[in-house]
Each structure stands twice: as C-alpha cells, then as structure tokens.
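Can you build the whole structure from these sequences, using the hints too?
2 protein chains.
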Amino acid sequence: MNIYQVAELAGVSIATVSRVMNGSDKVSEKTRSRVLQVIDEVGFTPNVFAQGLGLNTMHTIGILVPNISDIYMSSAVAYLQDSLAKYGYDLLLGNSGFEQEKKEQQTALLLSKHVDALIYVGSTYAGSGKDERETDYIRRAAEQVPVFVINGGVDGDNIYSSVCEDEAAVYNAAKVLIKKGCSKIWFLTDSRSYSAIKKRTGYERAIEEAGLNPVQLHVDNRIHKVRDYLLQHDDLNFDAVIAGSDAIAIGVMKYAVQKGLCVPEDIAVIGYNNSELALACEPELTSIDNHTEQICRDTVERMIKVFEAGGAENNIKRKLTVPCELVERGSS
Amino acid sequence: MNIYQVAELAGVSIATVSRVMNGSDKVSEKTRSRVLQVIDEVGFTPNVFAQGLGLNTMHTIGILVPNISDIYMSSAVAYLQDSLAKYGYDLLLGNSGFEQEKKEQQTALLLSKHVDALIYVGSTYAGSGKDERETDYIRRAAEQVPVFVINGGVDGDNIYSSVCEDEAAVYNAAKVLIKKGCSKIWFLTDSRSYSAIKKRTGYERAIEEAGLNPVQLHVDNRIHKVRDYLLQHDDLNFDAVIAGSDAIAIGVMKYAVQKGLCVPEDIAVIGYNNSELALACEPELTSIDNHTEQICRDTVERMIKVFEAGGAENNIKRKLTVPCELVERGSS
DNA sequence: TTATAAAATGTAAGTGCTTACATGTTCTGC
DNA sequence: GCAGAACATGTAAGCACTTACATTTTATAA
Numbered sequence: 115m116n117i118y119q120v121a122e123l124a125g126v127s128i129a130t131v132s133r134v135m136n137g138s139d140k141v142s143e144k145t146r147s148r149v150l151q152v153i154d155e156v157g158f159t160p161n162v163f164a165q166g167l168g169l170n171t172m173h174t175i176g177i178l179v180p181n182i183s184d185i186y187m188s189s190a191v192a193y194l195q196d197s198l199a200k201y202g203y204d205l206l207l208g209n210s211g212f213e214q215e216k217k218e219q220q221t222a223l224l225l226s227k228h229v230d231a232l233i234y235v236g237s238t239y240a241g242s243g244k245d246e247r248e249t250d251y252i253r254r255a256a257e258q259v260p261v262f263v264i265n266g267g268v269d270g271d272n273i274y275s276s277v278c279e280d281e282a283a284v285y286n287a288a289k290v291l292i293k294k295g296c297s298k299i300w301f302l303t304d305s306r307s308y309s310a311i312k313k314r315t316g317y318e319r320a321i322e323e324a325g326l327n328p329v330q331l332h333v334d335n336r337i338h339k340v341r342d343y344l345l346q347h348d349d350l351n352f353d354a355v356i357a358g359s360d361a362i363a364i365g366v367m368k369y370a371v372q373k374g375l376c377v378p379e380d381i382a383v384i385g386y387n388n389s390e391l392a393l394a395c396e397p398e399l400t401s402i403d404n405h406t407e408q409i410c411r412d413t414v415e416r417m418i419k420v421f422e423a424g425g426a427e428n429n430i431k432r433k434l435t436v437p438c439e440l441v442e443r444g445s446s
Numbered sequence: 115m116n117i118y119q120v121a122e123l124a125g126v127s128i129a130t131v132s133r134v135m136n137g138s139d140k141v142s143e144k145t146r147s148r149v150l151q152v153i154d155e156v157g158f159t160p161n162v163f164a165q166g167l168g169l170n171t172m173h174t175i176g177i178l179v180p181n182i183s184d185i186y187m188s189s190a191v192a193y194l195q196d197s198l199a200k201y202g203y204d205l206l207l208g209n210s211g212f213e214q215e216k217k218e219q220q221t222a223l224l225l226s227k228h229v230d231a232l233i234y235v236g237s238t239y240a241g242s243g244k245d246e247r248e249t250d251y252i253r254r255a256a257e258q259v260p261v262f263v264i265n266g267g268v269d270g271d272n273i274y275s276s277v278c279e280d281e282a283a284v285y286n287a288a289k290v291l292i293k294k295g296c297s298k299i300w301f302l303t304d305s306r307s308y309s310a311i312k313k314r315t316g317y318e319r320a321i322e323e324a325g326l327n328p329v330q331l332h333v334d335n336r337i338h339k340v341r342d343y344l345l346q347h348d349d350l351n352f353d354a355v356i357a358g359s360d361a362i363a364i365g366v367m368k369y370a371v372q373k374g375l376c377v378p379e380d381i382a383v384i385g386y387n388n389s390e391l392a393l394a395c396e397p398e399l400t401s402i403d404n405h406t407e408q409i410c411r412d413t414v415e416r417m418i419k420v421f422e423a424g425g426a427e428n429n430i431k432r433k434l435t436v437p438c439e440l441v442e443r444g445s446s
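If you read the sequences in order, they're chains A and B. Here the working numbering runs 114 ahead of the position in the first sequence, where the first position is 1. Here the working numbering runs 114 ahead of the position in the second sequence, where the first position is 1.
Because the hints were derived from the structure by calculation, they are not lab data. Not one of these hints is a red herring.
Chain copies aren't distinguished; within one or between two, either way the pair holds.
The list that follows gives simulated cross-link-like pairs (lysine to aspartate or glutamate, EDC-like), each with its CA atoms no further than 20 Å apart:
#	residue 1	residue 2
1	Lys200	Glu218
2	Lys200	Glu422
3	Lys216	Asp196
4	Lys200	Glu215
5	Lys200	Glu407
6	Lys373	Glu396
7	Lys227	Asp154
8	Lys200	Glu213
9	Lys289	Glu318
This is the structure:
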C-alpha cells in the first residue's frame, strides 16, 4: 500500500494525500476527512525511506553510551527514551565502549543513518588542554547535526551540554566528612572521564583547604574487583572514602567487612549516582545524587527547542548546569 | 556527495559504483580499485534512505524491552548490541513499559521504520490459554519480519524464542532450601510475565512434592518497596524466600534487618538474575543465574542464520532452551 | 581473422515520498 | 454577472539509490 493507491481510492492526487498526512492547512475539510478515512481503512503507513529521501530525516535520535549495562547509563537511556517518545522520536542506540576508535566508528554509523541529533552520555574527555583532539570527532559530528552531551566536557558550535556540578558535590561531601572528624579521606574512581576530573578537583580542593593529604586510587568499577584490589594492598590508611560510583563504594564496604572494620565508625563511605545499589548494602550508602532524570529531560527539552529554531543559530543555552545533592544514609 | 559524482570522478556509470559498493562480482579488478579509491578519497557514504527505498532495509534491528533501566534488561541490551554490531546491525530501541497499548504502539513504530527483525526481551504472556490474544500483536509483527523473543512465551510462524529453564531452576532452588531444613518457603515476584509463571510452576511443584504449603506474594520490584510492604504485614511466617529478582530478594533482607532477623539463619533468601546487586548486600545473595549473555548471543547467531536462509521457511530451531545455574552465596 | 561466448559496463525503470509551481475552483464586492 | 483575490488541487521534478536488461568490450576457439 503506497500513496498512489491511497490517492486513487480517495479520488485525489498524491500531493493532496501527502498534504493531509503532513497536516498542511491547504486542504479542504471535506477532502481531508475523505483521505483520512481511506488511510484508516486500508491502514496506510507512509514509507519512511521515501520520506527520508525527501526530507533527509527519519525522526530518529542517535545515542552513544560507553556502557549500557552500567546502571547509571541505562537509566539515562530510559529517561531519554521516555522523553523523546513523547515527541515522536525513536532512539538509535550505540554502545561505544571506552575506546576512541569504537566511539568514532559508532558515531559515523549513526550519522550515516541520518539521525536528527546525537546524544553522548558521559563522553570521556581528558579536560583542560590535555588532549582535546580526542573529542574532535564530536565536533565534526556537530557540523552535521546538533549534538547533546550529558555529563561530558565537550563544547563547540552546535554542541549543547548538560552537566551536573560534580566538583561542588564532591567538595561538599568531603567537607561533610571533615566536619565529622575524618582526616584520611581517600578518593577512588574508575575513569578519567570529564566527570571524574571534576570530582577529583572538588576532592582536592576540599582536602587541601583543610590542610589534609589527598590520596587518589584508580580502580575497576566492579564491587569484587575493588574489594580484591584493596585487600591486596596493606598500606591502606583511610578513615573515609569518596567513590566515583556506588559500585566502587560498595567494594570499599566489602573490603571493610573482610578486614573486620565497621562502616561508618572505622571507615565512612560515600558513593556516587545514588543508584539502586546504594540501597542494597548494609548500612545503606550515602551517595551523591546527580539528578540524571532531570538532566535527561532538560536535554530533550532543549533538543526540541533547537529543532524548532532550525539551524545552529539560536540563543538556546549551550551549557546547562544542574546541582547535585548529597543523600546521607548510614555509611557516613 | 552522491553516487553520480563518484561515478563521474571514476569515469564509470552509477551502476558500476553501486556494484562495487555491494561487492558484486561482475566488476573487473581494475575498475573496482579505481572506484574504491575515489570513494575513499571523497569519503562517500551511500544514502541509507535511497538504499532503503530500493532494498527495503536499513540494517537495523528493533528491540523492545519493558524497562531499560532494569539491570537485567539493560545488560541484555548491551549483549545484543554488542553481538549485532559485529554483523553491522544497529539497534533501534523501544522502551515499552508494561502496558499492552504502549507495547503495540512501539511495535508499530519500529515496524514502520522497516527494521530487519524485532527482538522482544521478556515479553509478558499470561501463559497457557489464559489470554493468548495479548500477544497477537507479536504474531502480526512476525508476518512482516522475523521476531525473536528472549525469555518470553510467544510462539508462531517466524517467531524464534530463547528461554532459560526458569522452572527447573526454581524447582532446584526450592529443593536446596528444603534440604537445608526450610519448611516455610515463600515465593515473591513482581510480574506476571512468562518467566514469572514458569518460576512459579517450579516453585509450586517443589513445595507440593515436599508436602509443604506454597505461599506467593506479588510485590514491587524495588528494594525499599518490598521491605516496606513486608513491614506492613505482621502475618508473615516464612523461613525462606525465593524471589523473582535480586532487588526483591534484597528487599526481603532489608526487612530481616529491620525485624532483627538473621539471614540465612532465620530467613534464607534466593534471588534471580545474579546481577551486581547480588554482590552488594551482606551476606551476599544466592541467586539464580539465567545466563543472559549466552541467550543474547545465541539469539543473534540464529538471527543471522535466519537472514541467510531468507524467508520464514527454514529448519532453524524455533525454540532454544538454556539451563540456569544456582550460584550459592551467604544468603542461603 | 572472425564468429561466438563470456565478461564488463551502461541505460533506464523502478522505489514512494515532498513540494514548488501551475492550474483550476470558489468566493467577494461591486 | 464578473474581475480578481483567495483557496484548493494537480503536475512533475527532485531525492539517491538498485537492478533487470541492453549493449559494448574482451577473451576463446576454429
């Protein structure tokens, strides 16, 4: 069933059918209803490829995440999907991993499918001047479609980013620990993403302001890996840990259990993302909530605005900042 | 840049360029390399919409999950994405929720984008004869493209399903608990999915064989919701719980903590899916691993075979069964 | 060489839409 | 009753490919 057959049945030209489908106002009420009835009767759906050929869009948004199975990323995808569905957009999903090459490749793949926009969740970025070329592929993509970055440190023309205030969040978290009397507060993270760097900065600032000694450890993001890593080192000497994720934080708690240490008495622990994991352990985990849902919804809202504005010239905010919130529970 | 310009530059017709791109063997080596060189030089990518119009495919697979943010679903998506990427397929993602209407709607949306196949992860199904019409929309979809169902109970022409042996798994888990001396083993689940029904059947069989009394509770799938639900009831009387998910199981453990009961001494707990959550709690959770990764990879392998066979007539297995495994930890 | 088969390449007809522009129809005011 | 405006509809040219079929080129054998 194609537009020609519908036109035939309705006794009009294909242009008229097309106009009816696209809600053009230049159709008489009589004709419109007749066409709609035929469309309904025969169950006609326009061919997206033909539409795409003409319009160069398929109402699809490309999304690239490093790891969908990560609880934080997957909930971001869920929120994005949900919001976009309301506007009739579908999601084309790329799971990029953390390798540069794969990211570029997946980006090309999504672009080749003529997505209307690209969303990067937590794109890595080595930060100030370190190796900005790493994200060049994103800027190149932005020449073709608007790019939205969630918790990533990329900017440029046609790039819109939404970040949470990781630095302030960790700074405050460290302050809280200091106030509680902790003096050997370590920072554990698994990635060198833009977020991780901001977290680290906040951590260092708080620690140094208090005249303490900052210690950072780079670990895996899986509970048992963290525990085992810590168990293998006997030079550990912390009374508090701020972790880059809830899984890492729980890894620390597992270490404490093995060592016969008590949380929070001997070691205070603060996680990140406030995911379901934070509720699974005992005591429950104090965690920094970075308001993923809000960030995702804001991103979609802005995207729609960008579409409506059409083109890269607009006065829509390039960078949106969302505060984080320390959700205190038993672990600190 | 389009095929005409490439043809022009290479001094051949567009048909030849097309042949080169599609790896047709009817091109001389000389011509092929010349064309490839031009394609490479100018960075030509064929327009997927134009290709789609001719071929009626865009090398895209539609996937429908009830809830991507669920740790089990998201890891399934990750595995599927990973496997499919190897064959050059992209994933068009629908987050259907659990409502019938939304599922049908999302299915239609994906079909309208001419996906090459549909994957349903954990599609609900009320089971033997109860209301088979609920899944009619899946059978209708299967008239258009091959449909792959993971842990769902749908079958029909052009539908390929992969299920894990939930029934046997729960049966065995219950047996283990019985052997350990538990006599008041309850079963808690959150959904009436096909899997849930199989689990229940296994549970009932084991309990009844042992001459015990089966008790089932229908709960939410979130840790605190489960805990609160249990706390509100004071007629609880179990010494073991088999849960339909790890989150539910941990909810039970949270309840135990509140009540001052010990796990596993007072209450033995077994979860499902063997997710990261199972490692987060203390004691760690005994959980049934349903080998999601293997199921996903098998599904993709079969899909490729179906594509190669072309058409619904083939002797590729319609139903694949994967055993589950009880991973025993401290909670039981 | 030349007839003939085989291989390589080109031509042109789809594929199903959108939309600028052309044409036809209805309404308005005099 | 009619010019001219306003509105409705149709015509046809893209959009960028694939591929059956036609044609040309090259190889093969007598």
